[in-house]
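Here are the chains, one letter per residue:
Number of protein chains: 2
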Amino acid sequence: MVRWEPNARGRLQQAAFELFTERGFEQVTVAEIAERAGLTERTFFRYFADKREVFFSGSEVLRELMLSGVASAPPGTPPIEAIAAALDAAGTMFDGHVASARRRSAIIAAHAELRERELIKLAGLAAALAGVLRARGVSDPAAALTAEAGIAVFKVAFERWTAEPDGPELTQLMRAALGELKAVAAGR
Amino acid sequence: MVRWEPNARGRLQQAAFELFTERGFEQVTVAEIAERAGLTERTFFRYFADKREVFFSGSEVLRELMLSGVASAPPGTPPIEAIAAALDAAGTMFDGHVASARRRSAIIAAHAELRERELIKLAGLAAALAGVLRARGVSDPAAALTAEAGIAVFKVAFERWTAEPDGPELTQLMRAALGELKAVAAGR
Chain A
0 MVRWEPNARG
10 RLQQAAFELF
20 TERGFEQVTV
30 AEIAERAGLT
40 ERTFFRYFAD
50 KREVFFSGSE
60 VLRELMLSGV
70 ASAPPGTPPI
80 EAIAAALDAA
90 GTMFDGHVAS
100 ARRRSAIIAA
110 HAELRERELI
120 KLAGLAAALA
130 GVLRARGVSD
140 PAAALTAEAG
150 IAVFKVAFER
160 WTAEPDGPEL
170 TQLMRAALGE
180 LKAVAAGR
Chain B
0 MVRWEPNARG
10 RLQQAAFELF
20 TERGFEQVTV
30 AEIAERAGLT
40 ERTFFRYFAD
50 KREVFFSGSE
60 VLRELMLSGV
70 ASAPPGTPPI
80 EAIAAALDAA
90 GTMFDGHVAS
100 ARRRSAIIAA
110 HAELRERELI
120 KLAGLAAALA
130 GVLRARGVSD
140 PAAALTAEAG
150 IAVFKVAFER
160 WTAEPDGPEL
170 TQLMRAALGE
180 LKAVAAGR
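Heads up: the sequence lines are chains A and B, in that order.
The first sequence begins at 0 in numbering that gives the first Met the number 0 and counts up one residue at a time.
The second sequence begins at 0 in numbering that gives the first Met the number 0 and counts up one residue at a time.
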């Protein structure tokens with residue numbers, strides 16, 4: 000019998016971030032995270048494959064949101080506007096949560112293995128977005144380039160968002176960055 | 000006294016790629032690479048920090064070429080055209096060498112740790128390009144976005160180049176991809 004623990008995932012994440020911030024990512028064990036959360040190690044591994052995954056458990060949700068964003072764009076929507084819809088969909092997940100995003104980013108920035116994992120996740124996201132664009136009839140290299148451009152906008156806006164926690168929300172920053180990318184591409 | 004070995008770096012890389020292709024990246028030791036190249040392990044470590052670095056020894060050259068490409072663009076050049084100059088400069092390093100690039104890409108694609116290392120190198124390259132654009136007076140987020148767009152063009156064109164070894168050269172593919180990115184950003 001598995002005992003149901005209310006919000007176990009959230010409690011484990013909260014405990015992990017606290018411990019990583021206090022003592023550094025390498026120094027913290029899964030057993031300590033579970034203990035701080037008032038849960039067992041076994042429960043931890045029901046939710047996360049390893050210590051690093053605590054940082055990336057949201058990436059599946061992000062992926063689903065962005066892919067649905069593209070899919071929901073009306074047929075004939077120019078690829079860049081389909082990607083804009085994906086970015087708007089991503090924004091709904093983050094807006095209002097800059098404090099936790101900022102804490103997470105600070106830990107990732109300090110650890111090469113977490114930065115690498117994040118880049119792999121983003122590269123996978125770009126590949127998935129290119130795939131749904133192709134399924135909508137966008138040819139290559141346009142599909143791949145539009146997807147990569149979307150991820151570039153996401154990355155640049157996300158960095159600014161977490162760097163300026165009292166600034167605009169992520170959705171607004173992504174819209175501004177996409178507009179800026181269009182201007183840059185037009186040679187301005 | 001260090002004995003001078005003619006083209007030691009090239010011989011080690013050649014030996015490493017042969018062994019990785021024959022037996023897989025994980026199965027090959029530095030001692031075996033050195034032996035195949037007719038050199039010592041000690042010589043290997045004069046050129047490469049570890050086994051993975053064999054794949055990335057060109058990244059410093061690439062970085063220098065691209066940064067110089069941006070720096071050589073006349074003042075007032077639009078940022079995207081400065082990045083185009085960087086891509087042209089990068090092309091001079093690769094054009095005519097598709098066979099070895101293809102072999103290298105196949106090995107990297109098969110190993111998560113090599114893919115991660117490659118993504119980190121490209122992210123560092125994007126950050127460096129953004130830095131030289133800023134030094135030319137380009138503000139953010141335009142500087143970061145233009146740099147990321149340039150790396151996206153490089154990645155997408157590079158993949159196509161190694162996938163179609165009898166196709167156009169990398170420089171030509173990068174120019175086509177940049178044109179495509181401009182068209183996409185214009186909503187076409």
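Rather than coming from a laboratory, the hints here were simulated on the basis of the structure.
Hints may be right or wrong, so weigh each one.
For chains that are exact copies, the list does not tell them apart, and a pair is met inside one copy or across any two.
[As the list claims (entries may be wrong)] Restricting the straight-line Cα-Cα distance to at most 27 Å, the calculated cross-link-like pairs of lysine-lysine (DSSO-like) are:
id : residue 1 : residue 2
1  : K181      : K50
2  : K120      : K50
3  : K181      : K154
4  : K50       : K154
5  : K120      : K154
What you are looking at is a predicted structure, and each value in this text was computed from that prediction instead of being measured.
Now the hints, each set against the structure:
no.: 1; hint: K181 with K50; result: neither (39 Å within a copy, 41 Å between copies)
no.: 2; hint: K120 with K50; result: both (16 Å within a copy, 24 Å between copies)
no.: 3; hint: K181 with K154; result: both (16 Å within a copy, 20 Å between copies)
no.: 4; hint: K50 with K154; result: within (23 Å within a copy, 30 Å between copies)
no.: 5; hint: K120 with K154; result: both (12 Å within a copy, 16 Å between copies)
Hint compliance for this structure: hint 1 is the single one not met.
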